[in-house]
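Student: So in the working numbering, spot 20 of the sequence shown is number 20, and the numbers just go up one at a time.
Derived by calculation from the structure, the hints in this document are not laboratory data. No experiment lies behind these values; they were computed from the predicted model shown. We put the CB at the ideal spot given by N, CA and C, even for glycine. Treat the hints with caution; some may be incorrect.
Unchecked claim - Here are the computed distance ranges between Cβ atoms for each label pair: (1) LEU33 - ASP2: 36 to 42 angstroms; (2) GLY28 - PHE63: 26 to 32 angstroms; (3) ARG71 - GLN22: 18 to 24 angstroms; (4) PHE48 - ARG71: 19 to 25 angstroms; (5) ILE64 - TYR1: 19 to 25 angstroms; (6) ASN51 - VAL13: 17 to 23 angstroms; (7) PHE67 - GLY14: 18 to 24 angstroms; (8) THR76 - PHE48: 34 to 40 angstroms; (9) PHE60 - LEU17: 18 to 24 angstroms; (10) PHE55 - GLY75: 30 to 36 angstroms; (11) LEU10 - ASN51: 15 to 21 angstroms; (12) VAL4 - GLY75: 29 to 35 angstroms.
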Amino acid sequence: YDIVGSIGVLMIVGAYLLLQIQKVSASGLFYSLLNAVGASLIIFSLYFDFNFSAFIVEFFWLFISIFAIVRYFLGTDVK
């Protein structure tokens, strides 16, 4: 489970790096998918070694990423 959580961390950090070096767009599907999957993997690892604060952060990270994915598919742009 630590390896799964670590892969999740790498996905989130990698997504942020790609955003900063302008290889992905914050409103793009790939960025949101990387964040959603990364947060999901971290939440999975927390099942085995629970930390409430980490769970809250990852829950909202996942929720916001899912919101962005839904927005992407609906073609809505909230500004």
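Student: Hint by hint, say whether it matches the structure.
Tutor: Hint check results:
no.	hint	result
1	LEU33 - ASP2: 36 to 42 angstroms	23 angstroms, violated
2	GLY28 - PHE63: 26 to 32 angstroms	18 angstroms, violated
3	ARG71 - GLN22: 18 to 24 angstroms	21 angstroms, holds
4	PHE48 - ARG71: 19 to 25 angstroms	32 angstroms, violated
5	ILE64 - TYR1: 19 to 25 angstroms	24 angstroms, holds
6	ASN51 - VAL13: 17 to 23 angstroms	18 angstroms, holds
7	PHE67 - GLY14: 18 to 24 angstroms	21 angstroms, holds
8	THR76 - PHE48: 34 to 40 angstroms	37 angstroms, holds
9	PHE60 - LEU17: 18 to 24 angstroms	21 angstroms, holds
10	PHE55 - GLY75: 30 to 36 angstroms	32 angstroms, holds
11	LEU10 - ASN51: 15 to 21 angstroms	18 angstroms, holds
12	VAL4 - GLY75: 29 to 35 angstroms	33 angstroms, holds
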